[in-house]
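Engineer: Now for the letters of each chain:
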Amino acid sequence: MGIRVGSQLKSICLLDFTEMKMESIASAMETDAQKTILSPWEFSCDLEVDYKSEEKACIIYSAMAVDKELQPDKVRRVMSISDGKLSVRFEAIEARFLRASFSAFVDVLTLATKTIEQFGEDVELRLQNL
Amino acid sequence: MSHRSGLDNLMKHFGISTRTIFTLSSLTSSIKSSPPPALPASDELFTGNCSEMKRMIALGFEGSANKIGVGVVTLDGTILSNPRHTYITPPGHGFLPRETAQHHLQHVLPLIKEALETAQITRNDIDCLCYTKGPGMGAPLQVSAVVVRVLSQLWKIPIVGVNHCVAHIEMGRIVTGADDPVVLYVSGGNTQVIAYSEGRYRIFGETIDIAIGNCLDRFARVLMLSNDPSPGYNIEQLAKKGEKFIDLPYVVKGMDVSFSGILSYIEMTAQEKLKHNACTPADLCYSLQETLFAMLVEITERAMAHCDKKDVLIVGGVGCNERLQEMMRVMCGERGGKLFATDDRYCIDNGAMIAYTGLLAYAHGATTPLEESTFTQRFRTDEVLAVWRDKESSNTIKQTTHEIGS
Numbered sequence: 001m002g003i004r005v006g007s008q009l010k011s012i013c014l015l016d017f018t019e020m021k022m023e024s025i026a027s028a029m030e031t032d033a034q035k036t037i038l039s040p041w042e043f044s045c046d047l048e049v050d051y052k053s054e055e056k057a058c059i060i061y062s063a064m065a066v067d068k069e070l071q072p073d074k075v076r077r078v079m080s081i082s083d084g085k086l087s088v089r090f091e092a093i094e095a096r097f098l099r100a101s102f103s104a105f106v107d108v109l110t111l112a113t114k115t116i117e118q119f120g121e122d123v124e125l126r127l128q129n130l
Numbered sequence: 001m002s003h004r005s006g007l008d009n010l011m012k013h014f015g016i017s018t019r020t021i022f023t024l025s026s027l028t029s030s031i032k033s034s035p036p037p038a039l040p041a042s043d044e045l046f047t048g049n050c051s052e053m054k055r056m057i058a059l060g061f062e063g064s065a066n067k068i069g070v071g072v073v074t075l076d077g078t079i080l081s082n083p084r085h086t087y088i089t090p091p092g093h094g095f096l097p098r099e100t101a102q103h104h105l106q107h108v109l110p111l112i113k114e115a116l117e118t119a120q121i122t123r124n125d126i127d128c129l130c131y132t133k134g135p136g137m138g139a140p141l142q143v144s145a146v147v148v149r150v151l152s153q154l155w156k157i158p159i160v161g162v163n164h165c166v167a168h169i170e171m172g173r174i175v176t177g178a179d180d181p182v183v184l185y186v187s188g189g190n191t192q193v194i195a196y197s198e199g200r201y202r203i204f205g206e207t208i209d210i211a212i213g214n215c216l217d218r219f220a221r222v223l224m225l226s227n228d229p230s231p232g233y234n235i236e237q238l239a240k241k242g243e244k245f246i247d248l249p250y251v252v253k254g255m256d257v258s259f260s261g262i263l264s265y266i267e268m269t270a271q272e273k274l275k276h277n278a279c280t281p282a283d284l285c286y287s288l289q290e291t292l293f294a295m296l297v298e299i300t301e302r303a304m305a306h307c308d309k310k311d312v313l314i315v316g317g318v319g320c321n322e323r324l325q326e327m328m329r330v331m332c333g334e335r336g337g338k339l340f341a342t343d344d345r346y347c348i349d350n351g352a353m354i355a356y357t358g359l360l361a362y363a364h365g366a367t368t369p370l371e372e373s374t375f376t377q378r379f380r381t382d383e384v385l386a387v388w389r390d391k392e393s394s395n396t397i398k399q400t401t402h403e404i405g406s
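Residue numbers (this note's numbering), protein chains in the order written: chain S, 1 to 130; chain B, 1 to 406.
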């Protein structure tokens with residue numbers, strides 16, 4: 001399973017899900033911080049996780065979509081799924097809000113993914129039968 | 001916790017909360033009523049169809065504070081498994097939301113495996129997945145919620161959101177057999193005197209600032225007591241060696257209590273007194289316990305007199321304090337009633353209490369749709385319509401209210 005974190009302009013890095021560390025997040029943030037855009041949503045970050053399964057991506061999407069951003073005036077999050085990939089875009093008015101929201105999201109996303117990995121044998125089976 | 005007006009206070013004393021006035025006829029948003037999915041009618045469930053009751057199994061997740069627990073129970077209250085893991089901080093430190101959530105993230109999945117293995121069940125045996133919807137710390141609550149949402153989709157099993165306080169009460173009732181007691185719910189995050197009336201658990205008295213467990217825990221930090229197994233337990237052990245009673249403020253306001261002033265007072269005077277050898281840490285623990293527990297006994301007794309109930313049930317983490325149980329037992333004895341209390345297995349937060357309460361609601365047709373499986377830091381005990389207690393009548397409050405009104 002691959003995960004990609006990228007800023008608007010800079011290159012996109014491909015990381016192993018379990019090895020994703022704060023450094024990658026921080027670097028993505030910095031590149032955004034250097035930009036000068038007049039929109040209040042000055043800081044942004046994209047996250048893409050390839051589950052290689054529409055069903056898995058959909059389960060994760062539904063589980064994560066329930067919790068709304070706590071400060072919608074400071075951070076906003078848009079999620080979508082396509083081709084078994086979950087794409088998430090974060091936008092914030094300050095880097096610290098982006099960082100907090102992003103890292104909290106990734107923690108929980110990791111948990112949701114591990115839950116599927118450890119308890120979702122059936123999903124694999126259903127796919128094989130199709 | 002809340003700042004109520006005099007009118008609110010008055011209404012609360014009559015067992016009516018401002019919130020419930022407006023929503024009495026409607027179900028709370030957390031629990032949606034739907035026809036029970038292929039289950040026997042609720043009548044059958046409670047008139048002795050034991051095999052049906054035993055067959056219904058719930059998996060419950062608790063993670064609202066520093067404990068993460070997963071429990072498996074059946075509808076008759078049999079606990080098949082109930083593993084939990086506690087986040088213990090170094091002496092002098094409390095637990096913070098973020099770190100606590102990290103702890104839960106690490107332990108929740110192994111706990112599910114352990115719970116299923118110990119209970120010797122598979123996912124096919126599970127009827128519903130229950131999780132703590134609130135109240136509690138946001139980040140730790142989210143862990144249980146997210147796991148349940150994923151499992152619900154993977155296993156095609158419905159979700160039931162559970163109020164943490166109500167879960168403590170129901171667990172206490174099933175474990176002790178207390179039928180309709182006045183409930184004292186005392187923990188690190190809550191202090192409430194509760195009684196059932198007209199479909200809900202009504203709050204008769206509560207803390208107006210911090211919870212009693214919070215007061216004890218924070219004083220344990222002043223003395224640098226260990227947080228293992230819990231700061232309250234270590235205070236209790238130390239208090240047994242106390243000999244001298246130190247006068248502390250005693251703060252009961254009507255049916256409510258206040259602990260933050262007492263904590264400030266003892267925090268300020270403790271260092272001074274200890275430095276001058278005016279008392280020992282044990283004396284302080286003893287005095288603090290005696291003072292705080294006396295306040296609880298007072299408001300509990302007043303609630304008993306008010307609702308004309310004879311028995312008391314103590315639940316919540318502080319409820320396993322044997323000194324509190326002893327003081328309450330004396331009061332109950334004097335009133336011709338009984339004290340019901342449990343030990344640390346059931347008092348302290350656990351997954352089984354969530355599973356059992358969720359299963360009660362589920363057996364009466366309540367489930368939480370995935371989109372509504374949110375969590376909330378604030379979720380009052382009286383917001384929940386206790387549908388499973390509908391048949392049991394409790395008219396005492398109503399009568400009392402009418403008598404006073406007429």
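Keep in mind that the hints were calculated from the coordinates and are not lab data. Even for Gly, the Cβ is constructed at its ideal location relative to N, Cα and C. Be a bit skeptical, because a hint or two may be false.
[Unchecked claim] Not close to chain S: a few residues of chain B, all C-beta gaps over 10 Å, as computed:
no.	residue
1	85
2	95
3	105
4	281
[Unchecked claim] Pairs of lysine-lysine, DSS-like flavour, derived with a Cα cap of 27 Å:
no.	chain 1	residue 1	chain 2	residue 2
5	S	68	S	52
6	S	114	B	244
7	B	275	B	253
8	S	74	S	52
9	B	244	B	273
10	B	338	B	275
11	B	273	S	114
12	B	310	B	273
13	S	114	S	52
14	B	156	S	52
15	B	310	B	275
16	S	68	B	273
17	S	52	B	113
18	S	85	B	275
19	S	68	S	85
Engineer: For each hint, tell me whether it holds in the structure or not.
Structural biologist: Tested hints:
1. 85: 15 Å, holds
2. 95: The assertion about residue 95(B) holds, with a minimum of 17 Å to chain S.
3. 105: Given a closest Cβ separation of 5 Å, the condition is violated.
4. 281: 39 Å, holds
5. 68(S) - 52(S): The hint holds at about 25 Å.
6. 114(S) - 244(B): 54 Å, violated
7. 275(B) - 253(B): 33 Å, violated
8. 74(S) - 52(S): 32 Å, violated
9. 244(B) - 273(B): 12 Å, holds
10. 338(B) - 275(B): 43 Å, violated
11. 273(B) - 114(S): 52 Å, violated
12. 310(B) - 273(B): 41 Å, violated
13. 114(S) - 52(S): With Cα atoms ~15 Å apart, residue 114(S) and residue 52(S) stay inside 27 Å; holds.
14. 156(B) - 52(S): 21 Å, holds
15. 310(B) - 275(B): 46 Å, violated
16. 68(S) - 273(B): 50 Å, violated
17. 52(S) - 113(B): Holds: residue 52(S) and residue 113(B) sit about 26 Å apart, inside 27 Å.
18. 85(S) - 275(B): 64 Å, violated
19. 68(S) - 85(S): 20 Å, holds
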